[in-house]
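Chains as they are written, first to last, in our numbering: chain Y, 1 to 234; chain V, 1001 to 1234; chain B, 2001 to 2211; chain C, 3001 to 3211.
Note that these hints are calculated values from the structure, not bench results. All figures in this text were calculated on a predicted structure; none of them were measured in a lab. The beta-carbon is built from N, C-alpha and C at its ideal position, and this holds for glycine as well. Treat the hints with caution; some may be incorrect.
Facing chain C, a subset of chain V residues (Cβ under 7 angstroms, in silico) [stated by the list, open to error]: (1) F1017; (2) K1083; (3) T1122; (4) E1225.
Sample of chain C residues with no beta-carbon within 12 angstroms of chain V, all distances over it, derived [what the hints assert, rightly or not]: (5) P3037; (6) E3060; (7) G3095; (8) T3195.
What follows is the residue order along each chain.
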Amino acid sequence: MKKPYPDAVSALDGVLFDGMTIMAGGFGLCGIPENLITALRGSGTQNITAISNNAGVDDFGLGLLLQTRQIKKMISSYVGENKEFERQYLAQELELEFNPQGTMAERIRAGGAGIPGFYTKTGVGTLIAEGKEHKDFDGDTYVLETGLVADVSLVKAWKGDREGNLIYRKTARNFNPMMATAGKFTVAEVEELVEVGELDPDQIHTPGIFVQRIIQSKDLEKRIEQRTIRTRGE
Amino acid sequence: MKKPYPDAVSALDGVLFDGMTIMAGGFGLCGIPENLITALRGSGTQNITAISNNAGVDDFGLGLLLQTRQIKKMISSYVGENKEFERQYLAQELELEFNPQGTMAERIRAGGAGIPGFYTKTGVGTLIAEGKEHKDFDGDTYVLETGLVADVSLVKAWKGDREGNLIYRKTARNFNPMMATAGKFTVAEVEELVEVGELDPDQIHTPGIFVQRIIQSKDLEKRIEQRTIRTRGE
Amino acid sequence: MAWTREDMARRAALELQDGFYVNLGIGIPTLVANFIPDGISVTLQSENGMLGMGPFPYEEDIDPDLINAGKQTITELDSTSYFSSADSFGMIRGGHIALSILGAMQVAENGDLANWMIPGKMVKGMGGAMDLVAGVKKVVIIMDHNARDGSAKFLKECTLPLTGVRVVDMIISDVGVFTIDDEGATLVELAPDVTVEEVQERTEANFKVAL
Amino acid sequence: MAWTREDMARRAALELQDGFYVNLGIGIPTLVANFIPDGISVTLQSENGMLGMGPFPYEEDIDPDLINAGKQTITELDSTSYFSSADSFGMIRGGHIALSILGAMQVAENGDLANWMIPGKMVKGMGGAMDLVAGVKKVVIIMDHNARDGSAKFLKECTLPLTGVRVVDMIISDVGVFTIDDEGATLVELAPDVTVEEVQERTEANFKVAL
């Protein structure tokens, strides 16, 4: 049971198939599995349902899979940054399911934790709740949302060890920990792949049980969408 | 908004009332809020509903509140270690609600996260599911469980800062992080109360938003229930 | 003289109280952070997984792993903690955030809010807005009182798809401040030189006046 | 010659596969850790919040913050991680644990399990047993084949309150090994010198024989 793989292409070997559901971690372009997305593009896998908070930008992140028309459907909370997405969606070439961001995060956590459904107040009385079951608790109305799982989850962490234990860094954590739990098969890429014992057991964010394969990222771009600075004196 | 208090008695001042619901962290006697339990006993608060995985032992942990008959009802998963508990329960002096341990942990997390109900497979077909709503998802049957909240949660951490950020140590973490989120008012005791900035932001288990007051523990006993050792040569 | 965007942000900052945990939306609400009153300590939550958001970085401190919910580069503080999106929205949905300040396309007199989609136009998504208005204890809207074409944005009923039902507690617009509760809407403050009559003309919603 | 407790634990250990994440119950199941076959790496989960459980400590290494689900002092390994009870049972309920080995009071031929309460006696609670049998992929029971009074424990139907319905995949008792699937129970191994007839006499459940 060796989890470390030499690169993204080998780490995805044998686990991809047309029509599959993929989860990809990240918020915007922060904390996305760059190497694994590139390898998924290279695989030519078709008709993917992609669960990811955002859809990348035209030439980066999941935008790379939109360019090649590998994605059939997106489940996201916000896709405003991507022009190619807009074009494909308006031309009805792409299916889209919007989820409130917190509902989406919780659905993924639920999927990983064996919870098939939960109630939330988010979206009650809006389009999002139409056609879904409602239920009252203590006089308030809530809507039933279901757990989400993926055939393969692609996650990005900062450090990881050879058993698959992961530690994330700052806001690059975002959706990655839940997606690691909700993949039937989870592949992680990390900036530093270390020996077992180098990570503090109290600080591990994702225990290795959730990670089937792990690689060390190469040539990360870590692109910034909104470079916002202050100047001295402000 | 100063969160640090000088001791457990002052940290509970003004937040206790007869008939209240308390959550107390810990698994067995590991990671229990010793100082706060002692102060709660000293307060004389009556008719408490106590949500805690275990009930302590006769003369330690929540057992201290059973001795003084301050607890009206326990919500727990396992109470086997406590003789006084058994006596009061068999004499019908004490109400008891058993929850499967994972269901209990999830109910507390749900309470803190604004989830009033969720479905689980745990307990379907057993006494635990009797009288509860059932629902099928993908051909399997699940039972509806509800979120739990407390008037006051008492938690124990290893380190905490003056903003209430907490870090737990080893298996003393257990129920403490969820209980911190599920208390309408949460009081934490920590072994080391440090200045803001001393804890690594990536390693904080409980963000300070969940902690209203914090004290440094004094004279912790940290009693061990099952002292199990191996000898050299084994 | 109607309020400028800065005036509105400054007025919104008066809703902050010492020790509050607050979530600020994208746009004008972000400006509120510049007007936190002296002597008050407020902690900013960013729903992508951060409590204790600091100011924008100096050029040399930019970190691609550290952004806010608007995808802008930011900095951390001594008190900062990071967490997952699930934990972040547990915090929001669970009612632990005291105040959220957001923008709006339309608000109805009963507190209904529409701020995420215009049918027929490309929809970018609701992001965390539906979760915030459903979970946060108090929701304050900062918006221009009227649309660019002059039409009313504070309405009897929203015509756009809703973000939340009966969720808005306060509107701060360029003409003044309204509170909304179970009894309906009330105009409680006017911007300088703005009259009640002018506000009534520019508003479709019914509101009481209690200046 | 019926199997001893060690024999049963040794046999149960043959169900382990390289890379498995496993949860061992209190009592005889704990012994299984002593018989993990050479060349196989298995990670033990403790449901109070630990993955990668090490052996009992030497006297000087006892740490009150480090116990297993049986409240025994233990040690950590290089690969250990700690997490909350909610995360631990998310792992269990979510099907991430390959194998759980537990004790039993009664098992029925359809896989029903009773191992937590005897009506009329003080009930200590189910702890994590209901969650484990509901969530773990494969559930193996180690038990004495008969109760102390000689009565059968492997039954047509359990008479005690259930821990889970149709959850047991394998029973290892002192007389041999049974598998249970949708088709029913099958005796697949016998302890040395135990006969099928003897097993049938000591068992109430119907079972096929496929030795």
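Consistency of the hints with the structure:
Interface restraint check: F1017 (chain V) against chain C, minimum CB-CB distance 28 angstroms, threshold 7 angstroms, status violated. Restraint check, K1083 (chain V) versus chain C: the minimum CB separation of about 10 angstroms is more than 7 angstroms; hint violated. This hint holds: T1122 (chain V) has a C-beta 4 angstroms from the nearest C-beta of chain C, less than the 7 angstroms allowed. Look at E1225 (chain V): its Cβ gets to within about 4 angstroms of chain C, closer than 7 angstroms, so that hint holds up.
With a least beta-carbon separation of about 19 angstroms from chain V, P3037 (chain C) lies farther than 12 angstroms from that chain, consistent with its non-interface assignment. Consistency note on E3060 (chain C): stated as away from chain V, yet its beta-carbon is not over 12 angstroms from all of that chain's, at 9 angstroms minimum. Residue-level check failed: G3095 (chain C) sits 10 angstroms from the nearest beta carbon of chain V, not beyond 12 angstroms. The Cβ of T3195 (chain C) sits about 35 angstroms from the closest Cβ of chain V, beyond the 12 angstroms cut-off, so the non-interface label holds.
In summary, the numbered hints that this structure violates are 1, 2, 6, 7.
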